[in-house]
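Take each chain as given, in its own frame, and dock them per the hints.
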Amino acid sequence: MTTQLSLTTGPRSDGVMVLTPVGEIDMSNAGTFAAALAEALGRAGSDQLVVDLTRVEYIDSAGLAALFEHVERIQLVAGPLLAPLLTIAGLADLTTVEG
Amino acid sequence: MGGTGHDRLPTAGIDVFTGGGEVGRDLAAVDWESTPLGPPAGWPQSLQTAVSILLSSRFPMWMAWGPELTFFCNAAYRRDTLGRKYPWALGRRASEVWAEIWDDIGPRIATVLGTGQATWDEALLLFLERSGYREESYHTFSYSPLRDDDGALVGMLCVVSEETERVLGERRMATLRDLGSDPSVVRTELEMLTFVGQQLSRNPRDLPFTLTYLFQDDGRARLAAATGIPAGHPAAPLTVGIEGAGEVWPAATLARAESALVDLDDAGLPGGDWPEPPTQALLVPLLRQGAAPYGFLVAALNRYRALDHAYRGFVELAAGHVAAGIASARSYQAQQRRAEELAELDRAKTAFFSNISHEFRTPLTLIMGPVQELRAYLGDANERVREELDVINRNALRLGKLVNTLLDFSRIEAGRMQARYEPVDLGVSTAELASAFRSAVDRAGLAFEVDCPPLSPAVYIDRGMWEKVVLNLLSNALKFTFEGSVRVAVRAEEGQAVVTVADTGIGVAEKEMPRLFERFHRIENARSRSNEGSGIGLALVKELVAQHGGTITADSEVGKGTVFTIRLPFGAGHLPADSLGPAAGAVAVSATADPYVQEALRWLPNGVERPEVASPAPANANPVKVLVADDNADMRDYLVRLLRTAGHRVDAVRDGQEALVAVRVDTYDLVVSDVMMPRLDGLQLVAALRADPRTAGTPVLLLSARAGEEASIEGLEAGADDYLVKPFSAAELLARVRANVELARLRTHHARWRTALVDSLQEAFFVCDENGAVIEINAAFTDILGFGPEGLPYAPIHPWWPREEVDAEAYQLVADAFATLLRQTHGSYTIPVDHRDGHRLWAAAAFNQVVDPDNGRRVIVGTFRDVTDEHYAIQRESALAGLSLRLSEADDLADGLRGALDELHELWHARYVLAAVFEDDSADPAVTATDPGLRWAGLPEARRETLTALRDRPLLTPVAERTAGAGIVLEHPRGTLVLWVELGEKRPFTEQDRTLLALLAGHIGQGLRRVHQIDQQRETALALQRAILGPAELPIGFAVRYEPATRPLKVGGDWYDTVRLPDGRIGIVVGDCVGHGLPAATVMGQLRSACRALLLQFASPAQTLTALDRFAAQLPGAPCATVFCGVLDPGTGHLRYSSAGHPPAVVVDAAGAPHLLDRGQSRPIAVSSDGPRTEAEFTVPPRATLMLYTDGLVERRRYPVSAGIERATAAIQAGQRTPVEELADDVMTRLAPADGYDDDVALLLYRHPAPLEIEFPADAARLAQVRGALRGWLELCGVDRIMAQNVLVAAGEACANAIEHGHRDAPAGRIRLSATATVEDLRLVVVDSGRWKIPQSALDTHRGRGLMLMRALMQEVTVTTGLAGTTVEMQARISP
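Chains X and B are the protein sequences, given in the same order. Here this note's numbering runs 281 ahead of the position in the first sequence, where the first position is 1. Here this note's numbering runs 44 ahead of the position in the second sequence, where the first position is 1.
For the record, the hints were derived by calculation from the structure and aren't laboratory data.
Label-pair distances were calculated between CB atoms; the ranges are: (1) B:Leu1200 <-> X:Phe349: 54 to 62 Å; (2) X:Thr313 <-> B:Glu1265: 43 to 51 Å; (3) X:Gly291 <-> B:Gln1257: 55 to 63 Å.
No experiment lies behind these values; they were computed from the predicted model shown. For every residue, glycine included, the Cβ atom is placed at its ideal position computed from N, Cα and C.
Chain B with its partners taken away, still in its complex shape (with noise of 0.2 Å):
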């Protein structure tokens, strides 16, 4: 490098650099002067705008100019191309810059400068050493000329673009992808391996040979695949040892599961497409999933790119494909193992059963032969001698067809099978053979369709195997179909017959499919007509199938049923022609089809199963009670026929859960069971039948096939009694039996007993485990639940528990009951449950826990009765009777209303209950609720239409909405009341309910009804009495109140009443009629006009109630009213009374002292008497307060008179500092109970003195004579002199203003001056209709000082001017 000098000094026209950034300093620091180009300050001008565009661009570029083509690049050529010539390149000549590629690009640039026609290259290979190696690199280019001032040709600019990375991208991605590609062809390692080389041999720059090495079991490594290089080449030799050193490979390494990189140093090795050998190669391991790696991939390296992160992944990817291949090959190879030896194994089996066969032919001949002479000889014979044959007959019919089959099968193997193809209709001859068995699909409640519609052409078959095809098919279609159908049909599809035997029956599990047609292959576990079955019927089906040219598949769904399609070629060119015969015309199929139907027909219930006939009477009184369970009907027929013979009750059934259902229901000595049955086995049931205690002690005595040590042990072991092997004598049978009964019942004896005196009780007997299943239960729990023992046990939750979705609240009353149950050692309680046909019941229960004897276990002993009726007559009595309270005491219809609805709401526990009465057509009912909230426009619109609905429904019939509520329309005094009752979700409306609230809303109707008539009586007596009373115009200084009672009917005895006497003096009374109601009050208005009258009459009291007593004698209902009755002069507080029986006034004074106006007294009103009425005299104290009352305030229940009468005293006088009006409401709401007053009330309060209310013209002269009332009234109030003084001064200035100030426009204004007294302070004001001024000149000086007065004389002065006048209020306290 070297040739620029960094110690010489920037040239001139160094401009030409700027803008360059790095590489422009670099460029001026080179030294031009001694390149041809010289210094850059006498360049021409083309060269200067090439440099700056070379300079300015960000592609990558680079030029040359000059006779040296004087070398210049930018810095994205610098970035991407340049590497380390930089930044010596700069300034030289580009032969020398680019020597090692300058065969390839001189020739091109000579062209560009000889012709001046650019050029383009696109990925071209150059081999640039710009890393510190020879390195393959990919360039896209073009060189353009470049021209002087004057137009020559002087240079060339070439922008260029690497793409390297792309173009090796797109190489290994290629070979990984044809390494991945199509791996279906490759079946065997070897194959896998040879595609494998063809791969990697397609990328020899990157891969210029690879070895595959596989680990052998001898510890060595086998070279398995070579590309790019010979096998046995030193560099690959074909074994490579794991131990030891000097071996080519590091094999060691490598069977460790880790990579290594190898130098090489031998010039013979291949270089690929590279013309230099490769200096490394990369060894990775060929891993194995979980074990020590498959062996390894040595992949020789290309020399000229270095091992980068991308290439190390690409070998490795490479050898993960290697690997991968290798596992699928070698799994394959051991599928293909296997299915050979599965195979052989077949074959051998078949061969097997066949030579056995073979051997059964004879015997079998030999006994059906004489059995069918036998049948035809003893034709009338006994019926029990034809039956024993018929069993012989069925049984080596059944034989012979299992021979048969198995015949078929080695004659199809050893390929000897004689068959004789002739042409068919295959529809008509398919229709004949399923006709056969339509007698056996009609008894098992199946629909037989059969579709076989004449076909042609025709088809040619065997019918020997054409028979076995259909007839298998059918029978295995009967057998797994329990419901629904089973459908034959033929068709023409597609040039080949077709031919499909379709079920709705269990079908197969989609697992199954893959080995339906296998030879002995059965479905574990499916639900069938019989166990009996050897697996092969549908391998035959399939085998002769095949004979024919056609194929077989199947459909299935789990529980939707199965089809299986027969595909048939027409004509005969795919059969061997020495194997077609003519159509031999229709032959009988009952022959062949025989042992299938017959077959079929013992699966099938016959409708008896329990035959009477051949049951003669048992030979002793306490028979044994035998349960036959086994699914071959001979088998089953034979045992029972054994048993009853030896005088045993037999009951039989087919298999294990009907057995277990059998003994639940009923007790039986012996359960006789074969061990190999559809859905429960002979083991499970010994199983189910130990687990359970009630059915424990019952002893099994299993049969079986299965000989040997092993499986008795196992039935043993499962809890059977005894064990016998088939074939068994009758005499061993019978013998075991007996053996096992006696035994049986003399430990059961006890049991026995216990049983029949629980199922004795009239009331449910249960027995529940510590976890609380019901283990026992007797017959009356059956009875009242409907729940049976065949149900044992019933874990909890039991299935007679309401349903916490449908009821929550029973459900958790039951769920409570339960924790009891199994919580304390005894208890009772009564809860609701479901009959099993879903009605509720309700039961009462007692329980104890004892511990179970024999086991030690704790149970829980119960029993209980249905309480049903007596629970809803308990609950409809208390409903009723809540109701009707909440009716008698309603004030008023809504009350009433309310009150029902609360009631209903705590009955049903409802979300809520409303009423709608609808009053007229138009407008939206009045809605009343438990809910306040709750509005009809609230209502959602689904339920607002219920409502109106239900409105035109008859009255007082329920109507339930599932799981809502339930509404009733009733009569209502205003209109038509709908009721509903909104339960919520989760709750049904029993039959139960909805009697209760039809009851019910009759009992509201006839409460409201009654509460509206007494509610109007009430509303016009009210009307009445308020009409007496009031608008009363009480003299100044008293208040009254008058308050009926608030419970129905309490209105209309008392009064109060004032009346103005002539001399000034006021009248006042207080009375009580007896009675109420509209009768009182009339008698009470009466009472008080005459009263009134009289006291204008006499002024006297005891002159007017004297007056009085003689006017009520002649008044019905008016003697024994008491009366206070009182005269006062407001103008000194004296007070003459005299009372009729009537409770005693009460005076407080300003020190807060009661005095009990208690004189005067005498009888009530109209009683005869001897004495005058007498009078006394009370004189009430300044600022005291006097109240008159009736026995309403004071009296009540469980209190004497008298603490009522301290209690009224009491709010009087806590109430001294408060104005008497609002005293008045204090004293009525402070007496009055919780619940309102329950007698009407009358009080009259008067506070002395009363206010002084003084009206005057605004004239200066009518002062004296308002501070003259004021000063009387003063004394009245009883404060001093100095007081009175001051309060005269101020009320003075007042009023003074207010003649001055505010009348100055309108003379003829007036002023109201009052005065109030309380028992601790006056209170003045004054009220003009002027508006007062500020002062503001010397002529207002003293009406300032006037106000400087007031405020001084005064606790409190506030003056507020308004439009209408001005009010002046002045407070001063009275010292004590």
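Looking at chain X on its own, in the form it has when it is part of the complex (with noise of 0.2 Å):
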């Protein structure tokens, strides 16, 4: 069984790029993620893309990684599930919490 995630990239209604994930993000899908997260980069071109993880259940350190990668080119949204994890691990100045 591995770990459920889908990924959705598309623009929001004022354009700017969102990428998606929903389920669960650890090691076995990490690589799955990061390379999602390179095409959405890919698609929002110069712009900022913002990674809407509210409907992540899960994310570990693997996952992380992938996000630190482009801190410079990322917003994040998160619900108050994953929030404290996004502020432990430094990424709270990209976050916003929703929800």
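Following this line, the structure appears as structure tokens:
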């Protein structure tokens, strides 16, 4: 049983590119997540990419490592479940907590 | 002096003096140019060498060199000899330096220089003037020649040692030694002074003349001796006044015991050895101890010696010798004078007695003759008359003997002894004499050895005198010998006939020995068969032996005996020729011996001291009881006869001691006692009687031969009631007796009645004085304790007290009781006492203090009875009861044995009690002891041997070891038990102790056997129980305990069980069967199995129990069991349960709130009832603890069960942070009573949720699944989402690490995650089989971040990496 994760990339209504992972990110699928992130950044061009983590139930250090590679170009949106983790990991500056 | 010039510079060549120290410097300063030797620089080598040798030597030397014999010396010579002539002498002519002795030494030096031969002089007297006067000095020296470089004789070297001190010391010592030499010849003062004078005159150098003056009564000192000067010389006046000036010698100063130094200026005084008269005299007192000096010694002093310390000491010591001599001479003189006076007194006494004796002889003859005739004439008269005549005859004989002895003395003194010496065989004649004494010695119970073989050549003896010698010695031996033997022996030894008479009697003290043969000397207070005697016998013997030219000596040792040894020369050469006669042939000895033998026989008991003969029946019904005490048998018999004739009842004794005993045993109306008696005399008897309250009232009539007012006053003062002087008339005696008895009877009527009353008491009665001395007792007292009235008073410590050194404990009991007796006005106590024959009794006593109405003194009156039997019965009963209790309470054999030993230990207050169980022959026995440190190996060798030996003794037969303890053998279930009670020293093991030990040992044996049986059953039951219950494969989250009761036979009713049901739920059961032991265990096993099977079948508690009812109904012993049965869903905590009469289960939730699961309650198993069993439900909340138990946990006597449940609940509440396994222990411990559970206990705990345990392969793909399981468990634990997320991430990181790092090298490895919850925290452990690495590369960056996340998310993280793998432990606190 592999870890459940679906990845969606598309522009928001204001045109900002958004990557929306749903499910869990761990070392088994961190590669997939990193690839999707790279692809989404490509699509965003020189604009900032928003990664919407509000529907991610779990993310571990492998997933966080993918985010750290692009900290200068991404914005994070997270729910209350993930927010403490992101704060501890040092990503609080990029993060908007919703919900 | 002079000659040295200090202003002159040292000349060249002065090196010769270097190294000579001060003397060298002074030599260098000499003006050598003015001497013939010239400046040292020009001295020949030989002179320089001689000077350096001289200066460097430490031996005294001087030398002379050159034509003028110029003087050199060294430092040692300067010190010893030269004195004040230094440094003047240096560089001068020798003849000038030693001018005063040049006459002596000049010729010697001339000889040396003339001949080249050395001289030698030893201790030569030389008068030196080195100290300011001409001094007597002695020198040992040698002069040797010195040659110049050419070999010519130019000088001499003198090596000298001064010996003045030695010579003077020896001379003075010689004088003192002579003064102290053999003074034995010196007797009188004059002789002594002559002797002293001779000695002093032999030292005319130290003592040119001496004068000895002795002080006289007239205040002047008399010249007693003079040496070196004629008496009457102006300096030696015949007397010197003590008062007034102008006397030659200051006697007054000396009379004050002070010394004086007097200057002499008389040129005419003799100088002793010296050419010139002395210039001083030292006067020293002749000191007398404790009084003024005897006189003084004038010692003219040697003018050639200074009066130094040694000289003064010598004179004083010489004076001391003179004083000592005078003292001994004067004391000898005084003794001499005294001895002469005594001899004169003796002579006078003898003269007086012999005169008197002459006067006696005529009347004696006139008594004895007619008495002899009367005896013959009245031979068939009545016995009474014959007895009276015998008395007269015997006493006349005695008087005659005394008179004859005195006459012998006066004859010897006057030299008128008419002796007729004839040759006899001394052995034969002595044996004949001795045989006369045989009957008397036999009757005295003594062995009589006569060892007198025929002896030749003949000895000349006067038969009459010799008989007196032998008979006196034999009589003496018999008189002073109470047991043993008397031995007479004759031998030839060293050319003399030797006769010895030896006894084993009382002996003579050493200080009495010198006076043994003295006339009229009697040894006071000697124990003897008779107090009669004049002290003249041995003196006569000595005189008679001396008449024969022989000697007699005595050797004696007190308590051992005395030996008299007579030595007589053989032949007649020593005897006057005109008194010799031919042998007369045998002569019967009896005529002389008779008085001696008769007298001796009267000293001995004649067997019947209370003759029934001539004892007419008392005239009245209440006769007077009289005790007669007299050592003279005739007098005793006379008194007895006289008093019996008067109708009295009479007892007779021989001395005061016997009288005292008799009076204490029996009551007398009157004691008639002689004053002079051996052992205890009449006056002492009266004093002893008066001192004892029991006898104080007994009237005493004293009889004495000593007449005079003073004697009777002395007797009456001692407390006698009356006093009668011998001779007295019969009528007078009887009148006095009657008067005293009547008076005393009036006085003592009351006392007699009281005595009779007290004696009639069944209980022992006693009276103590205020000090605790027992002063009165009754007959029962004597019956019980064996101590009779004759020993009164009994002072504490009383003789019936147990002896402290034998039985300290018993002694202490009595001592305590005694203290009570003295302190309190009344009371009672029970104490151990020892009978006179040694056996132990227990006495219960009661006492009261009362005041003696007669004298107002406080006395203690008490009674006691013998409670020995009761005491031991009680002791036995209580010991048995205690022992039975201990054995019945015992859990097992060891416990039973320990208990029994404790009982014995306490009972005997033993040092320790020990049991050794011998199981087989080879091994050491198993030892149990009250002293827990005691081991077989630690016992003394001797004790181990005792115990091993005991093992083969008959069973239950005590063996006591004196003052150590006792042992006994009994059967033990495992072998032979040797029991040992170690009492320690000073504790006897009595007969009662032995009986008790045997009794108790029997009980111990039985008790141990019973305990062993019970124990065995219990062991079996326990084994069965444990076999049934375990080892259980418990589902996770559960903990169970079973504890048998500590008391015996309480095994086997309770059980617990868990059953995994097919649907994942778990059946839980706790039950309790009726009864205990093996049967209950069997029933329990069957019920448990049945319940298990039924649960699997029904999965419903109520249905299970209902089915169990049916099963149990068929199983004997099963009905009435109680069971709690539940089915738990571990995933949800949901519990369905039903109880068959069982105590409710308890749930304590995370907040600590208790929940009693008391619904679903119904009847016990197989108890008929109408309703169906019901079920209840309960959901165990997260982190709550469920507890099931049996009543043994919570039931306590005198407490409601609810209290017990509350205590159990409290234990769970306190242990919510504790893992459930540990909590089970805690609960069992906390609820256990002090002495253990008295019923068995089953306990089952469950903590919800059960810990999570997951094991998975190291594969990232499995992480999601693991997370899922953990997420679900966290939900069961009731933690919130945020915390759950934190825990999930931390656990996820740990697992990711384990996969990534731990298993890079071994991909097939497995990872284990476990999670446990307590009430306030979560604990996670991730274990892999790999080794983590410290992040090093960029690749590892996010792994490092993973570790950081774990630490940030959890409260505590530890990573332990070992060879077997890595363990991560994490803990998170659950926020309330």
